[in-house]
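Student: One-letter residues, chain by chain:
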Amino acid sequence: MINLALDRLWEEAVVLERGRQVLRVQSTRDAAICLKNHWPLEEGPAKLKAVSACESVIDGTASPDTARAAFIEAAKEADFQINSWTGD
Amino acid sequence: MNVRDVMSAQVFTVSPRDTAQSVARLMAEAGVGALPVEAPGAGVVLGIVTDRDIVSSITAEGLASTMTVAEFMTVSAETCTEDEDLADVARRMSALDMRRLVVLDGNRKVIGLVTFSDILRAKPEIGEQLPPLFHKTGGRNTRIPPS
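As given, the protein sequences belong to chains A and B, one line each in that order. Heads up, the first sequence is in the working numbering, so the first residue is 1 and it goes up one at a time. Heads up, the second sequence is in the working numbering, so the first residue is 89 and it goes up one at a time.
Incorrect hints may appear among the rest.
What the hints assert, rightly or not - Looking from chain A toward chain B, a few residues come up when the C-beta cut is under 10 angstroms (computed):
id: 1; residue: L4
id: 2; residue: L6
id: 3; residue: D7
id: 4; residue: V15
id: 5; residue: V22
id: 6; residue: R24
id: 7; residue: V25
id: 8; residue: Q26
id: 9; residue: R29
id: 10; residue: D30
id: 11; residue: K36
id: 12; residue: H38
Said to hold, decoys possible - Label pairs and their in silico Cβ distance ranges:
id: 13; chain 1: A; residue 1: K36; chain 2: B; residue 2: N195; range: 27 to 33 angstroms
id: 14; chain 1: B; residue 1: E213; chain 2: A; residue 2: V22; range: 46 to 52 angstroms
id: 15; chain 1: A; residue 1: Q81; chain 2: B; residue 2: E213; range: 57 to 63 angstroms
id: 16; chain 1: A; residue 1: S52; chain 2: B; residue 2: G119; range: 21 to 27 angstroms
id: 17; chain 1: B; residue 1: G119; chain 2: A; residue 2: P45; range: 28 to 34 angstroms
id: 18; chain 1: B; residue 1: G129; chain 2: A; residue 2: V22; range: 26 to 32 angstroms
id: 19; chain 1: B; residue 1: A165; chain 2: A; residue 2: D65; range: 31 to 37 angstroms
id: 20; chain 1: B; residue 1: L151; chain 2: A; residue 2: S63; range: 29 to 35 angstroms
id: 21; chain 1: A; residue 1: S63; chain 2: B; residue 2: E213; range: 52 to 58 angstroms
id: 22; chain 1: B; residue 1: D193; chain 2: A; residue 2: L9; range: 21 to 27 angstroms
id: 23; chain 1: B; residue 1: T154; chain 2: A; residue 2: P40; range: 15 to 21 angstroms
id: 24; chain 1: A; residue 1: G60; chain 2: B; residue 2: E159; range: 26 to 32 angstroms
No wet-lab data here; the hints were simulated from the structure. Beta carbons are placed, not taken as given, at the ideal position from N, Cα and C, and that holds for glycine.
Modelling step: build the complete structure from the supplied sequences, incorporating the hints.
Tutor: Next up, the structure:
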């Protein structure tokens, strides 16, 4: 269950492309929603870590950079093309 | 009867830097069609964004779904409080030509949204005392230039 009442913005957006799908994500809450509802992979270790990282950031126990980095790893796992200025 | 009796309790807000697509995802996840826009960190209400804004200002215009909320939101700092009288709020909505207002608690925190329809459902007689509102979701869209 995503806590929709809180959000933590990222410094830079991450833009993911996969076929006709283009996701521009710039906040932790949005990343959590994408992973839950708009993700091509049902499950995967990187996705699991990203979901957990998003929860920690929204709860205030981790920095937004943590969720962003984990989200990028999950996107690699899901074969998204990643456009990000500061990510790897 | 006052605002808290008819409002939709809703505590999530979006930032003017959010995009049309991220707002649409949040609306779908939360099952709502309108969200208050708040300045991040400051907690100041800047306006409201609706699903209709996204359809009419982004999709219908053929604009990118990566447009930011600041570019298509309905700008209005007008709010009401949960303990205000429904007739007073309805009169304000009519004067402002707005069908929705953000509801704040005593600490100026967003706690919900109230629509003109919510008020009329609870007290239909209020509508008879007011001039008819335009059939739109939130007054005329006022675009502000991206920073």
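Student: Hints first: check each against the structure and report whether it holds.
Tutor: Hint check results:
{"no.": "1", "hint": "L4", "in the structure": "holds (4 angstroms)"}
{"no.": "2", "hint": "L6", "in the structure": "holds (8 angstroms)"}
{"no.": "3", "hint": "D7", "in the structure": "holds (7 angstroms)"}
{"no.": "4", "hint": "V15", "in the structure": "holds (8 angstroms)"}
{"no.": "5", "hint": "V22", "in the structure": "holds (8 angstroms)"}
{"no.": "6", "hint": "R24", "in the structure": "holds (5 angstroms)"}
{"no.": "7", "hint": "V25", "in the structure": "holds (7 angstroms)"}
{"no.": "8", "hint": "Q26", "in the structure": "holds (7 angstroms)"}
{"no.": "9", "hint": "R29", "in the structure": "holds (7 angstroms)"}
{"no.": "10", "hint": "D30", "in the structure": "holds (4 angstroms)"}
{"no.": "11", "hint": "K36", "in the structure": "holds (8 angstroms)"}
{"no.": "12", "hint": "H38", "in the structure": "holds (7 angstroms)"}
{"no.": "13", "hint": "A:K36 to B:N195: 27 to 33 angstroms", "in the structure": "holds (31 angstroms)"}
{"no.": "14", "hint": "B:E213 to A:V22: 46 to 52 angstroms", "in the structure": "holds (49 angstroms)"}
{"no.": "15", "hint": "A:Q81 to B:E213: 57 to 63 angstroms", "in the structure": "holds (58 angstroms)"}
{"no.": "16", "hint": "A:S52 to B:G119: 21 to 27 angstroms", "in the structure": "holds (25 angstroms)"}
{"no.": "17", "hint": "B:G119 to A:P45: 28 to 34 angstroms", "in the structure": "holds (31 angstroms)"}
{"no.": "18", "hint": "B:G129 to A:V22: 26 to 32 angstroms", "in the structure": "holds (28 angstroms)"}
{"no.": "19", "hint": "B:A165 to A:D65: 31 to 37 angstroms", "in the structure": "holds (32 angstroms)"}
{"no.": "20", "hint": "B:L151 to A:S63: 29 to 35 angstroms", "in the structure": "holds (33 angstroms)"}
{"no.": "21", "hint": "A:S63 to B:E213: 52 to 58 angstroms", "in the structure": "holds (53 angstroms)"}
{"no.": "22", "hint": "B:D193 to A:L9: 21 to 27 angstroms", "in the structure": "holds (24 angstroms)"}
{"no.": "23", "hint": "B:T154 to A:P40: 15 to 21 angstroms", "in the structure": "holds (20 angstroms)"}
{"no.": "24", "hint": "A:G60 to B:E159: 26 to 32 angstroms", "in the structure": "holds (30 angstroms)"}
In terms of the numbered hints stated before, the structure departs from none.
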